[in-house]
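*Asks:* Chain by chain, the residues:
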Amino acid sequence: MARTEKQMIAHLLRRAGFGGNNSDLEAYRALGFEGAVDRLVNYGAVDDGATERGVAEMRKQNPASANEKRPEYGNPGLEIAIWLYRMLSTRRPLQEKMTLFLHGHFTSSIEDVKNANLMYGQNALYRQNALTTDFKAFTKQVARDPAMLIYLNNNTNRKGSPNENWARELMELFTLGIGNYTENDVKESARAFTGWTVVRDTGQFVFRQAQHDSDPKTFLGVTGNLNGDDVVDIIFNQPAHTKFMARKLLRFFVYDNPDDATVARFADIYARSGLSIKELVRQILLSPEFRSDQAYYSLIKSPAEFTVSALRALSLNTTNLKTLIGASQAMALMGQQLYAPPNVGGWPGMSTWINGSTYYTRANFAQSIVSIDNDSTVDPVEIAQAAGKSTPQEVVDYFLDTLVQSDTPANYRSDLLKFVGNFSNAKDADGKIRGLVHLIMSSPAYQVN
Amino acid sequence: MSITRRDLVKNGLSIAALGLVAPSFLVKSAYAVSGGGRHRESGAGLLTGGQGDALKKNILVVVQLSGGNDGLGTVVPYTDPTYFSSRPTIAPKPDEILKLTGSVGLHPAMKGFKGLYDNGHMAIMQGVGYPNPNRSHFRSMEIWQTARPDVKEPTGWLGRYLDDDDDDEENTLRAINIGNFVPRTLWTETTLVPSITNVESYQFRTDGRFLGDPSAQIDTIHHLCEHAEHGPAEEYVSAAAIDAFASSDLLKTAVGRYQTSVQYGNNPFAEGLKLIAQVIAADLGTRIFYISLGGFDTHSTQAARHGELLTMLDEGVSTFYNDLEKMGKADQVAMMSFSEFGRRVHENGSAGTDHGTSLPMFLIGGNIKGGIYGNNPDLTTLDQGDLRMQTDFRSVYASVIRHWLGADPSKVLDGSFSDIQFTLAKTG
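Residue numbers (the numbering used here), protein chains in the order written: chain L, 4 to 452; chain E, 30 to 457.
No wet-lab data here; the hints were simulated from the structure.
Any given hint could turn out to be false.
As the list claims (entries may be wrong) - Mimicking DSS-like on lysine-lysine, the simulated pairs with C-alpha atoms at most 30 Å apart in a straight line are:
1. Lys85(E) x Lys358(E)
2. Lys181(E) x Lys190(L)
3. Lys122(E) x Lys117(L)
4. Lys9(L) x Lys392(L)
5. Lys143(E) x Lys251(L)
6. Lys122(E) x Lys162(L)
7. Lys181(E) x Lys281(E)
Keep in mind the model is a prediction, meaning the values are calculated, not measured.
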């Protein structure tokens, strides 16, 4: 099916970012598709000082800790709000999208870690390496991340009494996938990571030689006095890794069921790039698969994608803590609480995002953001006026274009025109325009990606 | 020509294969297109004659304990010295263990379970697992949820039960999950099981101040849901929304009518059980409920955490049972608990336990034949530090399907499994 350039740019921004309003779409369209990919991938060249100033302002205006007994645990609500603000405000959307991907990949949860400052530390590490050019080196940094060490109990992995949690998930969920190692490999690599722990008072990574098991180990066929870095090196020599990672990123960016040949092609690109996630993601976004019918609208928006894209489409950009925390709570009811994935596997995504309960939460969230009671700054009526749209038909077409790039069936549009009818007075128009935006955002077409 | 659900499946509309569940609205619209008139295939039902009919009102509540519950710390072999020597820091104190028999007792937090056991309402199946145990949370949970240890299977065991049971098929509330994610157990080929966390928010909110007629908004969203033309993902959302519209008024009425003198706890698990009680009280024809309690992955400082979780489990389940008794429905409901695996016999260096294998399952209900089924775990003959299984979990499922749901297990499970007669004679 032929799609307009604007529809393909919108597809790109939904997948490689969090959507956008009309002027965002126009700005990326002016670059052409390849230029838009280039701008998204090479985000270091884009100035995002405004977002950083917003974050600094939020830190200045809110308490650094919410825990009197343990002030070092920081302020979880503030950290969640700051991250959501970044997603709303960023001019480097792919960096923020990959940070979210990594949060669901190298998972940790504040429910176990307890300490919001350590969770932020991990978040900053992922943002800094969002499109790393050396995934192996990055994995070694993750293996030293205090939140991760606590979350997967490696902080208590000691010689003579190993804890296998981190060692197992490192292979099963983070790098190789199940079936590419044995139970004995789990036990042996746990020994290699003994003594990799966290200093209780400072929350810093430390290697404690006295707790480390220095006896020989055999891991994935290699025998020696192996330590954690050796284990990571051996893991990345396994051919299973490049396919594992290519499949995971294809499923995140393109479609849920990439075939083996496609996976192999991208695994090869990734291997030849020296494990550069940046190059892998760039090639995925430029690929015919990404632009195919099979990919287009084949995914279901995550709660973060739904919530942030709805707010971005209506140009809401706020540092207001109350508004941001309210939105994050709605996201939690939709099944995605930032900093608290359901388990070490992250969010399973796709069809698991949608059921009766989460559907209603999405629809009711859309209703709340267009409602005049809300102290947010979203006002669809002003948006329509600013765009010079005044008749019912102009308004319907304007929001269809902004929210779904007019890519809906004719009877979808006619149902909306029927709903709006005529504007009998300003108050009537106000209610109907809000109702119109609520309906589009509640419709199935707005839940897909 | 009328199109049947099975035709749709046969024609490749089985979206389960794509990792999605087939939208039931497709089935419904197919009926509408064909001019109504529901076609029922004869002889396709699972009910096994008179026995099945007597069980058609039975309700199953599945309690999933996520993360791998420590079976040995739940049902404790308190006379086995190996137990205490393997668990030097995390074993419950011997004098606090709630003794059930001369050799097994419950964790001290499980006072309500002890009462249910003493009254003969609780069966404990010892040592339940499957061959070649997998110690990955995800694969092992998938195995318990799909009941297919050897192959990757998109549908769940209760999903297949729902697919094969034609009885009351049009009821969108035949099965209900409590929570934000529909577990694999309830993935079906043809229907979408609703997931509910809170009845108040389980409805389409409109803004009546601006439009004289909120029903215009409701009508319009119904229509928009029918114009889902971007493929399976959008159709799936559409199906979920349409099913939700159909069930939310029913649920709201049910909850509005419910009154109880029982006081549920103030946590999501207890609130979920209360919601289940509300729906059971309203007789909406729901036969399967599913609820989860997570956090059992106790790799470190197990004693405190496990105690808290078991307290929540114990208080929630015993309060719920009490409520069922008061409404005269305790005999109609069976609860079944499971977890993806138990934990290793020896505690680790973090005062916790790593991933293990088999563990006990609980079956609770007024018509359950109470007692301990199977032997105490053998803590000395281990396989890679883990317990050997006694009973295949599919035996328990098969027996629940046969003796409780009144259906033929061979339609749901792959192969035949030994039968456990755990119900009282009056229910078959």
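*Asks:* Would you mind marking each hint as holding or not holding in the structure?
*Replies:* Structure-based check of each hint:
1. Lys85(E) x Lys358(E): 14 Å, holds
2. Lys181(E) x Lys190(L): Holds, at roughly 26 Å.
3. Lys122(E) x Lys117(L): It holds: about 29 Å lies between the C-alpha atoms, which stays within 30 Å.
4. Lys9(L) x Lys392(L): OK: Lys9(L) and Lys392(L) at ~20 Å, within 30 Å.
5. Lys143(E) x Lys251(L): With a Cα-Cα distance of about 46 Å, the restraint between Lys143(E) and Lys251(L) is violated, given a limit of 30 Å.
6. Lys122(E) x Lys162(L): 28 Å, holds
7. Lys181(E) x Lys281(E): 38 Å, violated
Violated hints for the displayed structure, listed by number in ascending order: 5 and 7.
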